[in-house]
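Given these sequences and hints, build the entire structure.
With the working numbering, letter number 182 in the sequence shown gets 581, and the count goes up by one each step, no holes.
Don't read these hints as lab results, they were simulated from the structure.
Accuracy of the hints is not assured; some may be wrong.
Claimed, not checked - Calculated cross-link-like contacts (lysine-lysine; reagent style DSSO-like; alpha-carbon spacing at most 30 Å):
| hint | residue 1 | residue 2 |
| --- | --- | --- |
| 1 | K410 | K516 |
| 2 | K534 | K516 |
| 3 | K516 | K407 |
To be verified - Computed beta-carbon distance windows for the label pairs:
| hint | residue 1 | residue 2 | range |
| --- | --- | --- | --- |
| 4 | L625 | L505 | 37 to 45 Å |
| 5 | A499 | F544 | 24 to 32 Å |
| 6 | P430 | F527 | 16 to 24 Å |
Ideal Cβ positions, reconstructed from N, Cα and C, are used throughout, including at glycine.
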Amino acid sequence: MIDHFNIKIKKTLLALLVCFIAIPLSRFISPQTIIDGNQIYLAWLPLSLMYSVLFIFGRYAVAPLIIAFAITNAWIIDLTLTQALILLFCQLFSVFVSCAIVRFQLGRRWRAGLTAKHMGARIFWGGFFAPLLLKVTMYLAGRFFAFPLAISSYFGSMSVIYTIIDIQSLISAALIFTTFFYYPLRMIISPRYARAFWRNLCHSWRAREQRVFTLYWFVALAAILLVLCTP
400 MIDHFNIKIK
410 KTLLALLVCF
420 IAIPLSRFIS
430 PQTIIDGNQI
440 YLAWLPLSLM
450 YSVLFIFGRY
460 AVAPLIIAFA
470 ITNAWIIDLT
480 LTQALILLFC
490 QLFSVFVSCA
500 IVRFQLGRRW
510 RAGLTAKHMG
520 ARIFWGGFFA
530 PLLLKVTMYL
540 AGRFFAFPLA
550 ISSYFGSMSV
560 IYTIIDIQSL
570 ISAALIFTTF
580 FYYPLRMIIS
590 PRYARAFWRN
600 LCHSWRAREQ
610 RVFTLYWFVA
620 LAAILLVLCT
630 P
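Written out as structure tokens, the structure is:
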């Protein structure tokens with residue numbers, strides 16, 4: 400019983416450490432632009448990180464996410480206690496609800512085989528339902544509470560193009576960039592998984608029937624990057 404309790408504590412503390420390091424980093428590297436004189440994210444990567452941490456640690460990541468987001472928000476934005484609690488609720492509630500629904504539908508192994516099975520449920524609840532619910536909660540919060548100018552555009556009624564890009568930033572973060580955080584974090588946390596991952600990956604690359612495909616894939620990737628990055 401004591402060993403089981405210690406394992407839970409270690410998982411929670413490890414998840415908290417990961418959140419403290421990765422949440423500010425994900426905010427920093429999130430691409431941004433200016434529309435109608437207001438700053439907006441093209442992909443809000445903390446959402447990707449939330450899913451990644453929940454997929455790795457499960458329920459042991461809930462408390463660390465709450466603590467880490469609360470501290471990060473207080474460090475970056477000057478908010479009253481009420482504003483801080485509302486912002487924290489808007490950031491986390493939709494993600495927790497979507498993961499709880501997926502857990503209820505798929506059972507205890509809802510985190511297993513992320514890209515192998517049950518993709519439809521994960522894409523719908525995590526990639527579309529959660530971002531839309533997040534925006535609905537933020538819009539409702541903006542109707543009844545005032546927020547600082549730096550973040551007020553996310554809580555109010557803006558132009559159509561601003562609103563579309565705002566919602567797309569959440570959907571793209573959930574659908575595209577979750578694995579961007581999930582696999583590196585899991586390999587850092589578990590060296591055994593990292594060795595197995597790279598062994599299987601390199602084995603598939605070196606297979607005779609895959610060599611030509613791999614070569615052309617890298618050539619195509621290099622060409623696309625050259626076209627997109629050339630001034």
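Hint-by-hint comparison with the structure:
1. K410 x K516: Given that 30 Å is the threshold and the Cα spacing comes to 26 Å, the pair holds.
2. K534 x K516: Cα-Cα ~28 Å, so holds.
3. K516 x K407: Roughly 28 Å between the alpha carbons, so the hint for K516 and K407 holds.
4. L625 x L505: 37 to 45 Å: 42 Å Cβ-Cβ, so the 37 to 45 Å window holds.
5. A499 x F544: 24 to 32 Å: holds, 26 Å
6. P430 x F527: 16 to 24 Å: 21 Å Cβ-Cβ, so the 16 to 24 Å window holds.
Violated hints for the displayed structure: none, as all numbered hints are satisfied.
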